[in-house]
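Residue numbers for the sequence shown follow UniProt numbering, so the first one is 1 and each next one is one higher.
None of the hints are false.
Only pairs whose alpha carbons sit at most 30 Å apart, straight line, appear in this in silico BS3-like list of lysine-lysine: (1) Lys208 <-> Lys44; (2) Lys185 <-> Lys238; (3) Lys330 <-> Lys67; (4) Lys499 <-> Lys374; (5) Lys495 <-> Lys296; (6) Lys208 <-> Lys185; (7) Lys186 <-> Lys238; (8) Lys114 <-> Lys238; (9) Lys253 <-> Lys44.
For each label pair, taking beta carbons as the anchor points, the in silico distance ranges come out as: (10) His514 <-> Pro39: 54 to 64 Å; (11) Glu462 <-> His258: 28 to 38 Å; (12) His66 <-> Thr311: 51 to 61 Å; (13) Tyr446 <-> Gly278: 29 to 39 Å; (14) Cys201 <-> Leu285: 47 to 57 Å; (15) Glu462 <-> Glu187: 18 to 28 Å; (16) Leu263 <-> Pro39: 51 to 61 Å; (17) Tyr446 <-> Pro264: 13 to 23 Å.
Quick caveat, the hints were computed from the structure, so don't treat them as lab data. The model shown is predicted, which means the values in this text are computed figures rather than measured ones. Even glycine gets a Cβ: it sits at the ideal position worked out from N, Cα and C.
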Amino acid sequence: MSGKRSSITQTTGKTKKHKADTITNAEDPVSLVQQLTEPEFKQKITEAWKKQSDYYHESSGTGLYHKPFAHCVLPNFVQDEQFVENLQNELMDLNFTEKSNDLYKFHQSIEDLKVIKSPFISKMRRLLYKDLRTWLCDVTGIPLNNKMDLSCAQYSYTDILCCHDDELEERRIAFIYYLVPSTWKKEDGGALELFDKDAACQPGDVVKSIVPIRNNFVFFEVSAISFHQVAEILSEDKIRLSISGWFHGPPIKRPEPHIESPLPLQPYGSIDEEVFYGWINPVYLSPDSQGEIQEKFETDSEIELQEFLQTDKYEALFNAVKESSIKWCKRGPANKRMYYQGEEGSFTQVLKVFLDLLRSDAMFLLLSNLTGLKLHELAASDGEEEDIAESSKKSKESAKRESDNVNSATKESERACTACCHCEVRQWSHGSYTLVHDEDSEGSEYALDLIFYLGGEGWEMEYGGSTSYIAKGEDEELLTVCPSPNSLALIYRDKDSMKFVKHVNDRIRQMPDHQFYDVSAVYHE
Numbered sequence: 001m002s003g004k005r006s007s008i009t010q011t012t013g014k015t016k017k018h019k020a021d022t023i024t025n026a027e028d029p030v031s032l033v034q035q036l037t038e039p040e041f042k043q044k045i046t047e048a049w050k051k052q053s054d055y056y057h058e059s060s061g062t063g064l065y066h067k068p069f070a071h072c073v074l075p076n077f078v079q080d081e082q083f084v085e086n087l088q089n090e091l092m093d094l095n096f097t098e099k100s101n102d103l104y105k106f107h108q109s110i111e112d113l114k115v116i117k118s119p120f121i122s123k124m125r126r127l128l129y130k131d132l133r134t135w136l137c138d139v140t141g142i143p144l145n146n147k148m149d150l151s152c153a154q155y156s157y158t159d160i161l162c163c164h165d166d167e168l169e170e171r172r173i174a175f176i177y178y179l180v181p182s183t184w185k186k187e188d189g190g191a192l193e194l195f196d197k198d199a200a201c202q203p204g205d206v207v208k209s210i211v212p213i214r215n216n217f218v219f220f221e222v223s224a225i226s227f228h229q230v231a232e233i234l235s236e237d238k239i240r241l242s243i244s245g246w247f248h249g250p251p252i253k254r255p256e257p258h259i260e261s262p263l264p265l266q267p268y269g270s271i272d273e274e275v276f277y278g279w280i281n282p283v284y285l286s287p288d289s290q291g292e293i294q295e296k297f298e299t300d301s302e303i304e305l306q307e308f309l310q311t312d313k314y315e316a317l318f319n320a321v322k323e324s325s326i327k328w329c330k331r332g333p334a335n336k337r338m339y340y341q342g343e344e345g346s347f348t349q350v351l352k353v354f355l356d357l358l359r360s361d362a363m364f365l366l367l368s369n370l371t372g373l374k375l376h377e378l379a380a381s382d383g384e385e386e387d388i389a390e391s392s393k394k395s396k397e398s399a400k401r402e403s404d405n406v407n408s409a410t411k412e413s414e415r416a417c418t419a420c421c422h423c424e425v426r427q428w429s430h431g432s433y434t435l436v437h438d439e440d441s442e443g444s445e446y447a448l449d450l451i452f453y454l455g456g457e458g459w460e461m462e463y464g465g466s467t468s469y470i471a472k473g474e475d476e477e478l479l480t481v482c483p484s485p486n487s488l489a490l491i492y493r494d495k496d497s498m499k500f501v502k503h504v505n506d507r508i509r510q511m512p513d514h515q516f517y518d519v520s521a522v523y524h525e
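With the sequences and hints as input, model every part of the structure.
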């Protein structure tokens, strides 16, 4: 299945051509698997659909199931094996373009299968549009209309379609027809995975996996709980070729979308002056450096600061995040994110100190000096005649005041500034990702994102795991940030800027640790 969002064209190319066999067979009748037209079979599967009960036809292997949602597997969908071969060859002769965004990565045919004139594709289209659509109307009782979406997709190594529900524009029945090699097996990936739902009707766990089999046809009812995904392709030499689409019908009433609780935000606290100056690389505390960084940031709205922590502190922090005592909790739901978050109560002292540093009065002021944002009451506001040297001096004075008179500084902060932040420690490994969703802005007009990387030495873009920024409603990437050890990325975004972390794919096996970590923080003025 394709996802909800439109996609960008990244590359255009032509696949290796396969010459189809003689096309005279295209004029011969091609029929659905025989049992579909048998009255007794059709009656039994119709009754099972209506009663929401499972039904299995032993001789053909056809199965109708209702958990986690209504879906049906029709083996040996087309009776004429030569027709199947010729259809595959025509499809492989098409031009394909890469489709890639937060939700998916695969290649899709440029030509529209609904209008293409190739004989075997045309015959398959008529089979689906006339024979199958009529059969589905009778079996499901859904009054499908004349609209049908139809496309061809190639999934190759590391391609994937992440969790989604397909609900869009009166889609009622989703379908996929497999033209994979007969040697395809479970270990090659590419299974259609179905999710159950949690108490909030969000996707829970994968409870069924349908492995692609040549000439099998799968369909399911589209609903608010039809969460599914195409598992990552793990074979480096096989192509998952398929035809997929939707039959449309009268729209069904949809439940109100689930709204997640807002992220917990907290104001800055205090930290000892020795800790602050003992952790940060001195180059970033220099007034001259801060002035140059702020100038660049105000132009680009982003910057990446290498070697941000002093070397010994970074190494201690990296070792701390790998401690076996840390408890990692899976973050979902799968239609929004899939990674592991560290439970703060299990952190070692070194990791706790670093989080205190990110949440400190001194860090808020340092970020103000580096970006020009008003994250601290001592930060220069727009139009004020203060240079960065004076601001840096105030940063030191602020840290000293925290040591001498904590209560006084806290009262001043509460009175003059409402800046706050949210921090989390994340582990990224094979299968981790985040997707774009409307809650990215946390309800704020503007936000400063901070990403500090732990590990990722020698990371390559092709592994996934990079953080991408796009404009709301668009797929073109405005900015991509890749993992790099001891690197601090700062990105200023508005409510119309969305972000996602690309799916970490099977190529991560080339990395020694097969994973990396980051500390993610969001600051609000």
